[in-house]
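Chemist: Make one complex out of these two single chains by using the hints.
Residue strings, one per chain:
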Amino acid sequence: MRKALTALVRAYQMATSNFAPRCKYYPSCSNYAITAIGRYGLKGLAMAAGRLVRCNPWSQGGVDYVDEHLDCADVKNLLTNSEKEVVGAN
Amino acid sequence: MGFILNPLYNAVSGVIVFIHKLLSPVFGANSGVTWSLSIMGLVVIIRIILIPLFVKQIKSQRALTALQPHMKAIQKKYKDDRQKQSEEMMKLYKEHKTNPLASCFPILAQAPIFFALFTVLNGIAAKTPEGVSAPIARGFLKGEYLDSAAQATFFGAKISQSFLGSTDTTVKIVTVLLIIFMSGTTFTTQRQLMVKGMPKMDSSNNMMLQQQKIMLYLFPVIFAISGVNFPVGVLIYWSTTNLWTWGQQYYVIKRNPTPGSPAYEELQRKRAHKEKADGKAIEGIDQDEATEAEVQGQRQQPKKKKKKK
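Taken in sequence, the protein lines are chains F and B.
Just so you know, this note's numbering puts 70 at position 70 of the first sequence, and the rest follows in order with no gaps.
Just so you know, this note's numbering puts 64 at position 64 of the second sequence, and the rest follows in order with no gaps.
Bound conformation, chain B alone (with noise of 0.2 Å):
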């Protein structure tokens, strides 16, 4: 297993070091502000890594509207065959060369960077079996870097300690609102997709809806659960992924929602109204409601020609 791991633990453990060498004149080399903030750091780099793959996924969703009266006749033309129409969905996606679904990568991509900063961090926690501090060191993160790290502290909490590895009250007061965190961003995420983010559930949908809601629920224990095993460094980076997903579905939402979602409605709205502002109102109006209007031979209107994407 080495020989797939090390390039790992160089990556992560090099990542880490590289914001540290970066930040310690502003922090201080020792300060734990330095440490967590690279944690965090590589949270960043990666996330911004995946902003492609994300937004590629976007596009390719949006896409789908062009498609939908297409899926609407397979549906109707199968619809006592689930496999022939998964089958056929499929086939019309491949066909346009677009498929709404994400596949795993993104997740999986993230699962062996987390291993490996689990397994850095853990090196660092390592003890003799007397219960001598003896961090083991891995990639970059070596000598005077591992004794630092090794003493870094999180509001308080070693970041190499976990809650059921220490006795150290203050080692779990963090690790537990870390996790309380944690639980709190997944849920809000997972909450605002499902009020506003998706487009309005047909009866078929509502299968979905609900193991949705049951697993609303049983994140915050699977966190907890999964959590006190954790160092504090991890959680740090779970929190943080967590955070950015919060923000990059807000930003979405807000921005840029699915047509056909709440989210989507507000926003026509908003823009009406600023286009009434602006005096444009009859000019507005006449778009958002006449989508075919460009057929006719309407003049070409550059603004409508985005939203058509």
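Isolated chain F (complex conformation) (with noise of 0.2 Å):
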């Protein structure tokens, strides 16, 4: 089921891919809902219907990560990182 749920999102993402990333969040709205949906299935379902409701006209959009301690950048490039070292190391 995760994977029809992702393959839909891609199938938007292709869709609509013309008008450019459109979402006034980070990651877009379709990129998090693979990722929540990738890791928490339905309730990651339910997770992306929320981020579409707070994805309206009125709000300010922002950085809004699925797991902010998983996703965001600095976590990402501490892990390289740390990759890296023990390549140097090594």
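FYI, nobody ran anything at the bench for these hints, they're computed from the structure.
By construction, the Cβ of each residue, glycine as well, lies at the ideal position given by its N, Cα and C atoms.
Treat the hints loosely; a few may be bogus.
[What the hints assert, rightly or not] In silico DSS-like pairs for lysine-lysine, Cα to Cα no more than 25 Å straight-line:
{"#": "1", "chain 1": "B", "residue 1": "Lys91", "chain 2": "B", "residue 2": "Lys56"}
{"#": "2", "chain 1": "B", "residue 1": "Lys94", "chain 2": "B", "residue 2": "Lys77"}
{"#": "3", "chain 1": "B", "residue 1": "Lys84", "chain 2": "F", "residue 2": "Lys76"}
{"#": "4", "chain 1": "B", "residue 1": "Lys56", "chain 2": "B", "residue 2": "Lys254"}
{"#": "5", "chain 1": "B", "residue 1": "Lys77", "chain 2": "F", "residue 2": "Lys76"}
{"#": "6", "chain 1": "B", "residue 1": "Lys196", "chain 2": "F", "residue 2": "Lys76"}
{"#": "7", "chain 1": "B", "residue 1": "Lys254", "chain 2": "F", "residue 2": "Lys76"}
{"#": "8", "chain 1": "B", "residue 1": "Lys196", "chain 2": "B", "residue 2": "Lys76"}
{"#": "9", "chain 1": "B", "residue 1": "Lys84", "chain 2": "B", "residue 2": "Lys196"}
{"#": "10", "chain 1": "B", "residue 1": "Lys59", "chain 2": "F", "residue 2": "Lys76"}
{"#": "11", "chain 1": "B", "residue 1": "Lys56", "chain 2": "B", "residue 2": "Lys97"}
{"#": "12", "chain 1": "F", "residue 1": "Lys76", "chain 2": "B", "residue 2": "Lys56"}
{"#": "13", "chain 1": "F", "residue 1": "Lys3", "chain 2": "F", "residue 2": "Lys43"}
{"#": "14", "chain 1": "B", "residue 1": "Lys59", "chain 2": "B", "residue 2": "Lys270"}
{"#": "15", "chain 1": "B", "residue 1": "Lys79", "chain 2": "B", "residue 2": "Lys91"}
{"#": "16", "chain 1": "B", "residue 1": "Lys94", "chain 2": "B", "residue 2": "Lys59"}
{"#": "17", "chain 1": "B", "residue 1": "Lys84", "chain 2": "B", "residue 2": "Lys94"}
{"#": "18", "chain 1": "B", "residue 1": "Lys56", "chain 2": "B", "residue 2": "Lys94"}
{"#": "19", "chain 1": "B", "residue 1": "Lys97", "chain 2": "B", "residue 2": "Lys77"}
{"#": "20", "chain 1": "B", "residue 1": "Lys196", "chain 2": "B", "residue 2": "Lys213"}
{"#": "21", "chain 1": "F", "residue 1": "Lys76", "chain 2": "B", "residue 2": "Lys76"}
[Said to hold, decoys possible] Only some residues are given here: those of chain F computed to face chain B with a beta carbon under 10 Å:
{"#": "22", "residue": "Tyr40"}
{"#": "23", "residue": "Gly41"}
{"#": "24", "residue": "Cys72"}
{"#": "25", "residue": "Lys76"}
{"#": "26", "residue": "Asn77"}
Modeler: So this is what it looks like as structure tokens:
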């Protein structure tokens, strides 16, 4: 089911890619949905729906990750950098 | 689902019936013109409601010019890290309470209405298994209205019938023409935006431009595939909304284009020309060239102030 849902979102992304990244949030609603569904399944779907509601003209937008502590750039950089260090040490 | 959809049916059919009532004395209660105009009126009302959102969006996009230096700095600082770059960009927008990116709301808001209209019109077209017409009433579209709407025509095609659901040649011709019209308006809207409405592209945007070109030609295909399944009434809705989008964009590009876009330069030239004709040539050019002149204590120029927004 996760795969089917993800495929649906991907299809949406392909169909609307001409409008360029359009979301006022980062990551975009669709990318958010893919991460959330991949990680939480049905609950992720509900989270994605919540994000769509939040993504309205009266909200400010901004950075909004599924899991801040897993997804944000700083964490990812830390991970890749520590890997590099290990490689360097070897 | 009923409790969500019934209000929508009521709203859509209510508006249609209301406009129908208004127009009946002019075109006649059973006239196809009245029913077609009722559907178009629904579009116009929805799009007028959405205009403030559109204006807000444009203003937000324009406010971006002031943030340009900050954005350049961020791009430079995190040029190897796309994710961090996007994060910082979003934080910057939020900090300045502006966001150039539209939320999906205006498009999503139309989807339920579109769906409700589809169902209402399909209800009109409903038939018994034996093929006898048996319209289903939804919302306020019932009784005599329902019977009248079921018979209403748009250029000779019943508004309740679709390309695939009908053997009538007129319906087929009208649906095809409407699909061509829909594709045409979307195509021109998109092209107009690409050619005139956007700031000049740098190389990083080339991929986006490429994608847009593909979509430009893919849209008619999508319309053709989905359009043959929709009743003529829905196609009228769709065509009108596309036409509105085109008009709205045409107006914005003509009268208030994005700074940096070809249309903007054209307008600037036109204005400079006009001012010259009015005998304010020297002043006008001065304003255009020395943007920071105001800071140096030049006298207040109300017109200039407006532009700065």
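Chemist: Now tell me, hint by hint, if it's right for this structure.
Modeler: Against the structure, the hints come out as follows:
For the hint pairing Lys91(B) with Lys56(B), the CA-to-CA distance comes to about 19 Å; that is within 25 Å, so the pair holds. Our distance criterion of 25 Å between C-alpha atoms is met by Lys94(B) and Lys77(B), whose separation comes to about 19 Å. The hinted pair formed by Lys84(B) and Lys76(F) meets the criterion: a straight-line CA distance of about 10 Å does not exceed 25 Å. About 18 Å separates the Cα atoms of Lys56(B) and Lys254(B), which keeps this hinted pair within 25 Å; it holds.
Simply put, Lys77(B) and Lys76(F) have alpha-carbon atoms about 17 Å apart, close enough for the 25 Å limit, and the pair holds. Proximity of Lys196(B) to Lys76(F) is assessed by CA-CA distance (about 40 Å); at most 25 Å being required, the pair is judged violated. The straight-line distance between the Cα atoms of Lys254(B) and Lys76(F) is roughly 45 Å, outside the 25 Å bound, and the hint therefore fails. Proposed proximity of Lys196(B) and Lys76(B) is contradicted: the alpha carbons are some 28 Å apart, above 25 Å.
A threshold of 25 Å between alpha carbons decides the hint, and for Lys84(B) with Lys196(B) the separation of about 31 Å lies outside it, so the pair is violated. Proximity of Lys59(B) to Lys76(F) is assessed by CA-CA distance (about 35 Å); at most 25 Å being required, the pair is judged violated. Taken as a hint, the Lys56(B) and Lys97(B) pair is honoured in the structure, with Cα atoms around 12 Å apart against an allowance of 25 Å. For the hint linking Lys76(F) to Lys56(B), the alpha-carbon distance of about 35 Å lies beyond 25 Å, and the restraint is violated.
Taking the CA atoms of Lys3(F) and Lys43(F), the gap is about 15 Å. The hint holds against a cut of 25 Å. Distance restraint check for Lys59(B) and Lys270(B): the Cα-Cα separation of roughly 22 Å lies within the 25 Å cut-off, and the hinted pair is therefore satisfied. The hinted pair formed by Lys79(B) and Lys91(B) meets the criterion: a straight-line CA distance of about 17 Å does not exceed 25 Å. Distance hint between Lys94(B) and Lys59(B) is fulfilled; the C-alpha atoms sit about 15 Å from each other, no more than 25 Å.
Among the hinted pairs, Lys84(B) with Lys94(B) is consistent with the structure: their alpha-carbon atoms are about 15 Å apart, no more than 25 Å. Between the alpha carbons of Lys56(B) and Lys94(B) the distance comes to roughly 15 Å, so the proposed pair stays at or under 25 Å and holds. At roughly 22 Å between alpha-carbon atoms, Lys97(B) and Lys77(B) fall within 25 Å of each other, so this suggested pair holds. Straight-line distance between C-alpha atoms of Lys196(B) and Lys213(B) comes to about 14 Å, which keeps the hinted pair within the 25 Å bound.
Straight-line distance between C-alpha atoms of Lys76(F) and Lys76(B) comes to about 20 Å, which keeps the hinted pair within the 25 Å bound. For the restraint placing Tyr40(F) at the interface with chain B, the shortest Cβ-Cβ distance is roughly 21 Å, beyond the 10 Å limit, so the hint is violated. Here the hint on Gly41(F) is broken, as its CB sits about 23 Å from the closest CB of chain B, past 10 Å. A distance limit of 10 Å between C-beta atoms decides the matter here; for Cys72(F) the minimum to chain B is near 7 Å, and the interface restraint holds.
The criterion of a C-beta within 10 Å of any C-beta in chain B is met by Lys76(F), whose closest approach is roughly 7 Å, and the hint holds. Among the interface hints, the one on Asn77(F) holds; its C-beta lies about 7 Å from the nearest C-beta in chain B, closer than the 10 Å criterion.
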